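Undergrad: Sequence lines, in order, name chains V and G.
This note's numbering numbers the first residue of the first sequence as 1 and each following residue consecutively.
This note's numbering numbers the first residue of the second sequence as 1 and each following residue consecutively.
What the hints contain is simulated information worked out from the structure, not anything from laboratory work.
There could be a bad hint or two in this list.
25 angstroms max Cα-Cα, derived SDA-like pairs, lysine to any residue [claimed, not checked]: (1) Lys57/V / Glu121/V; (2) Lys266/G / Leu140/G; (3) Lys57/V / Ala152/V; (4) Lys57/V / Asp27/G; (5) Lys57/V / Pro26/G; (6) Lys166/V / Asp8/G; (7) Lys57/V / Ala18/G; (8) Lys166/V / Ala18/G.
Facing chain G, according to a computed beta carbon distance under 8 angstroms, are these residues of chain V, among others [to be verified]: (9) Glu24; (10) Ala51; (11) Gln52; (12) Phe55; (13) Leu176.
Values in this document were obtained by computation on a predicted structure and should not be read as measured data.
Ideal Cβ positions, reconstructed from N, Cα and C, are used throughout, including at glycine.
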Amino acid sequence: MEGRPLDEQELVEQARGGDARAYEVLVRRYQDLAFRTAWVIAGGADAEDAAQEGFVKAWYALPRFRAGSPFRPWLLAIVANEARNRRRSGRRQDDLALRVAEDRPSGDAAPSPEAAALDSEQRRLLLAAVGRLGDSDRQVITCRYFLELSEAEMAAALGCRRGTVKSRLSRALARLRAALAEQDAAAAAATKLPGGDR
Amino acid sequence: MSQRELADIERALTDLGASLELPPTPDLAAAVSARLERAPAPTRLSPATRARRWLGGLGGWRRLAVAGLAVLLLAAAVLVASPSTREAVARRLGLRGVGVELGGTPPPTVTTTPGGRLDLGLGRRVSLEEARRRVSFPVLVPGTGGLGQPDAVFVSEVVPPGGRVDLVWRARPGLPASPFTDAGLLLTEFKGQPTPEFIKKVAVAGQVEFLEVGGEPAYFFSGEPHFFTYLDSAGNFREEQTRLAGNTLIWQRGDLTLRLEAQISKEETLRIAESMR
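Excised from the complex, chain V in its bound form (with noise of 0.2 angstroms):
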């Protein structure tokens, strides 16, 4: 999702000119981007919505755009806004519906080999544990490692300044790890017990 930068300088240029297709191509390169930044913010139910209405609410802005500034983060603070802003007038955010690709959680998987299973279901627990880190937590770690999103580009989706993403980062990997070493204690007192185990 790199895309070459002077190709995008130039059709943001032209959507500024007022090139609507020029602004498609944008749109359609950056859609994924943009919807599972808002689908973390917003959660499932709203995503769609805040990603249109922010492209939309983009195209409006691009008089504003400083021409030869990185179009993503600027982007993505559009979207992340419209993201936030349904959240807090909507319901509560959905859990994160992430899926370990290998191994739905619907229904039994079938058997695999054992490594795989084990790898997998580690991957599972890590997700768990993800999953239950309040918000804010969840959106910087989600954001950093399930979407690569880089440091400018988590500090315009999370609404924050981009020497605050570092140390929000590291808190949150903190009580990533806590909530990891407590599953650990938990894992193990259960096995502990007869027929905990299968």
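Add chain G to chain V, keeping to what the hints say.
TA: Structure of chain G alone, referenced to chain V:
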């Protein structure tokens, strides 16, 4: 704090990220293009730049006055709803106390008010002063447009909570009678709550424009008549209260929601709306 352990967690998160199924992205590009197709290009906003240059030649209060007008004109840079995004648009039509359904089926009953009457079933007829005493918000009146004081004022204190005031102006030259109410201009003011809705509208997509009045969101309904229903005094929407309306502007001013219905141009409507004091 063990750095090694944190590094392990980061690695595990990166690994997890690579194996996640992210939600499928809907075709935003098509939806966005459909909406932009019928809307003005962003460069249409750039008359502001031209206006600024032109304003440089004027001075003092004249400049201010013209700037005010320019704000109004800019507000008219609109976004027109297109059917393909009906659902998204219906959700975003969220002025406090107003629900808008695009492309829905109108209810079977439509009320028309017998000709010549100023009483539109709006509540108790009172003086403007009386109305101001009865409701919980400051009642605004148009400051310009040569309208003068309203010809009739109605107040309802119960529904919606906080009360409602309707101001009616008789038809006159320049202010044609509405085929639906016979009034020239009908202005409704109420304290809009996020829920419940007090007004429901059913309009055809493409007939609603999203504008701004005083920097706050506004909707302008024009073209074919649209249907709307008031909440009655018992707090219910009743089909027999559905009536047709022509050009209507709905906007927000602080926690006040205002509705202006008149068979005049969008520009005139906006001018009156901006002048409310």
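Undergrad: Taking the hints in turn, state whether each one holds.
TA: Against the structure, the hints:
For the proposed pair lysine 57/V and glutamate 121/V, the alpha carbon gap of about 42 angstroms is over 25 angstroms, so the pair is violated. A C-alpha spacing of about 20 angstroms is found between lysine 266/G and leucine 140/G, which places the hinted pair at or below 25 angstroms, so the restraint holds. Pair hint lysine 57/V plus alanine 152/V holds up; C-alpha atoms about 20 angstroms apart against a cutoff of 25 angstroms. Using a Cα cut-off of 25 angstroms, the hinted pair lysine 57/V and aspartate 27/G holds, with the two alpha carbons roughly 17 angstroms apart.
Distance check on the hinted pair: lysine 57/V and proline 26/G sit about 18 angstroms apart at the alpha-carbon level, within 25 angstroms; holds. Between lysine 166/V and aspartate 8/G the CA atoms are separated by roughly 18 angstroms; this keeps the pair inside 25 angstroms, and the hint holds. In summary, the hint linking lysine 57/V to alanine 18/G is not supported, as the alpha carbons are separated by about 31 angstroms, beyond the 25 angstroms threshold. Simply put, lysine 166/V and alanine 18/G have alpha-carbon atoms about 22 angstroms apart, close enough for the 25 angstroms limit, and the pair holds.
Residue-level restraint check for glutamate 24/V holds (minimum Cβ-Cβ distance to chain G is 5 angstroms; threshold 8 angstroms). This hint holds: alanine 51/V has a C-beta 6 angstroms from the nearest C-beta of chain G, less than the 8 angstroms allowed. Among the interface hints, the one on glutamine 52/V holds; its C-beta lies about 5 angstroms from the nearest C-beta in chain G, closer than the 8 angstroms criterion. Hint status for phenylalanine 55/V relative to chain G: holds, with the closest Cβ pair at about 5 angstroms, below 8 angstroms.
For leucine 176/V, the suggested interface contact is upheld, since its CB lies about 6 angstroms from the closest CB of chain G, less than 8 angstroms.
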